[in-house]
Structures are given as C-alpha cells and as structure tokens.
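Chemist: Per my numbering, the sequence shown starts with residue 45, numbered consecutively.
Since the hints were derived computationally from the structure, they do not count as laboratory data.
Each pair of labels, with its calculated beta carbon distance range:
1) 140 with 362: 50 to 56 Å
2) 141 with 420: 40 to 46 Å
3) 359 with 415: 39 to 45 Å
4) 353 with 302: 22 to 28 Å
5) 358 with 174: 27 to 33 Å
6) 368 with 123: 34 to 40 Å
7) 271 with 327: 29 to 35 Å
8) 140 with 218: 25 to 31 Å
9) 399 with 307: 29 to 35 Å
Everything numeric in this text was worked out from a predicted model, so none of it was measured.
Just so it is clear, CB atoms sit at the ideal spot from N, CA and C, and this is done for glycine as well.
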Amino acid sequence: RLQVHNFAPVGPAAMPLDISASPGERSGLGCVCREPGKVAVEQLRFLAPGPGEVRLEVHACGMCHSDLSVVNRRIPFPLPNVLGHEGAGVVEAVGEGVTDWKVGDRAILTMVLPCNRCADCLCSKPSLCKKRGQHMPVGRVLDTSGKSLTAMGGLGCMAEYAVVSQVALIHVQEDMPLEKGALVSCGVTTGVGAVMNCAKVPPGSSCCVIGCGGVGLSAIQGARISGASQIIAVDTMPSKLTAAKQFGATHCVNAKTVDNVVKEIARLSGGGTDYSFEAIGLPQTAEQAIEAVRAGGTAVIVGVAGQKDRAQLKLAKINFLETVVKGSFMGSSVPMHFVPMLCNLYKKGDLLLDEFVSRYYHIQEVCTAFDDLASGVGLRGVVVMHHLQHLAEQSTLQAHTSRL
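Generate coordinates for the entire structure from the input sequences, incorporating the hints supplied.
Modeler: Structure representation (structure tokens):
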C-alpha cells in the first residue's frame, strides 16, 4: 500500500475558498507526490496562464498506472510533482497570444506536446518530438508556502485546475461526456493507437494482448474494431479476463493456471499470432510477446518499463523468422486527429468507455483510488471535480457492486 496523507475533508462541502494572493490566481486541491511512495491532497495555488498557456478547470482525471509509476519512481519525473495526466475539463482562463481557445471551451488533455517544426513532428510522429519540454509551463502551480511544483507530463491534472500549454488541449464536442473523454486522453489512445497506428492490424489478423489493464483492454478494442479474427487475452486476474471477453477477446489465457503462456498462445493460434501487444512493462512479458508471434509476426511493446529494465531476445527468431519488434508511445498517434476519431467511435457505440469505469472518486479520496489502482481493483477509476462531483457521490454508494 502507498503511504498516503489526506489532509482534506471529503464531500462537496469541502470545496476550497479562493485564497489567492494576487489577481488572476485560483486556489484548489491537488494530488502531490513529494517523496517516493507517498501522495497527499494539498491546497495549491494556480497562477494566471502565461503567453501561449491556458488554465483548465479540470472536471475529470483518470487513474492511470503512469501516475503510480511516478510515485514509485519507475517514471522519474522531478519531485515534488502534481500528479495526473489523463484529464478533461473546461477552459477557465487564457494567456496572451492564445487564439484557438476561449473561456468556456471544453477540452481533452494530451501529454503529446509537439513543437510542430522538428523532423518528427513534420513526419506525423509528434510523440517523438524532442522539444516537447518547451511546452511544459514552469512555476505556474505553487503550494501554500509559495514553492513551485512540477506537473506530471506538463499537465498535473489530478487537481481542480491545471495550467498547461495550448498545444496540450484538444477540442471536444458538447455531446462527449468529459468523464469519458478523460479516458481517451491517455490509456485508450495508447492501447487503441498501438493497434491501429503502430501495428496497423489488417482485418482477419490474429492478435494476442498480454496484460488486461486499461491499456491492454484498449488494445483488445482496437483489434476488435480493426476486424481481427482472433484476439487472445492474457492476464493473471480472472476479473480482468472476464472484462477482456466483454471488450472483444475471443480467447483468454490465465497466466497463473497454464504451464507456459507462449505455448498456450501457439496452441490456440496454430503456431503463433500475427501480432502481439505487451501492455504491462515487464521484461518477462515483453519476452513472451516476442516469442508469441508467428514467423514474420510483429510484437509491439506498449507497457511502461523501468529505466534500467532489460529483456533478453532470441536473435535467431528475429533474424531467421523475420520477427518485427516495435515500440509504441501514446499510441503512435497524432492526438489532435486521433482523439476526436476515438470520441466519434464511442458515440457510435464501437468503442466501449462506460464499461471501463469501475468507480468515480472525489479528489479527497485519491488515497483509496491509488490503493485500488495498485491492487488491481476494478478497471479504471476516475477522479471527478466541480460539476461532476455528483458522480462520486453515486459511485461511493455503489462501490461494492461496481468493482469487477
């Protein structure tokens, strides 16, 4: 369990008063990691946006494993850090030079912050942009002592407000619920995009997905929407495999109950799948994903690994069997185009998002949310704020039935 200190009372009555020290500021609650393994809900100050920046009133933030990876230092973002990167909300203030956004606009956030000038951006690979750090506002979020905090991925949206670059925002239509749009911000884009953009899975293909968390289940959906004829889901938790069937898996493998995962995938697929997707971030599961594909197959590594993690490859399989090994970050997507497409798929009923959410949390309940995330309870938790707080009220009452 995480060591979590929650200093704020729970419930709508706990909405903080604006104690701004200067005009244009906002005061609100945010989830902060100051030490490895510890998170706390703190009162924060959100300064007015600078040139090219926007301040967002955050209505929803998904609980993604990448946030947990910052806390346990698998992802070494500088501390102290305002967590949260999978969010959606409403523009509350705009800085000088912002022309594409106005107060009241609805937006989904993205961690892909392109410069739109480098070779990668010009080749429609903004997730590889080496200049994205220039779009991460500095010094816009302070604690009550006046100390500046960093924001995860330049966003820091597990808070009631977020000051971000205008390139971090994607327009969202009025008929897209923000609590579902937040899911598309990261996890769904990462999983679906790995299938559609990185692997480019054609209809009739066979796929296996190792790891059925939010990203893995999204990869399963991407394979289903792409027309894959066989989708093999692999996980150690029966509840996740049950969800995998709901999201489109044709076969399920419990890694705890079979002697050899790779051999079981080979048995089910007749010698290996055309494509495999690793969605956990462990060396052993990455090795399984590479071994699980047939001759000429493609393995895509999607899960976030530790900075020092190493996997062992059988070079003969890569050489003689022409195995392709690829990596995918943020779904290898151009979010400004891909996120609206995913929203349209949701509204058409092709992309399942409602079924993802196991529970809504007040921001004051992030201790419970992080413990649920670490223990694998449910599929996806969503922290809701401002006008969406009522969802947490309902969710708390129904938590015992909403958990898979």
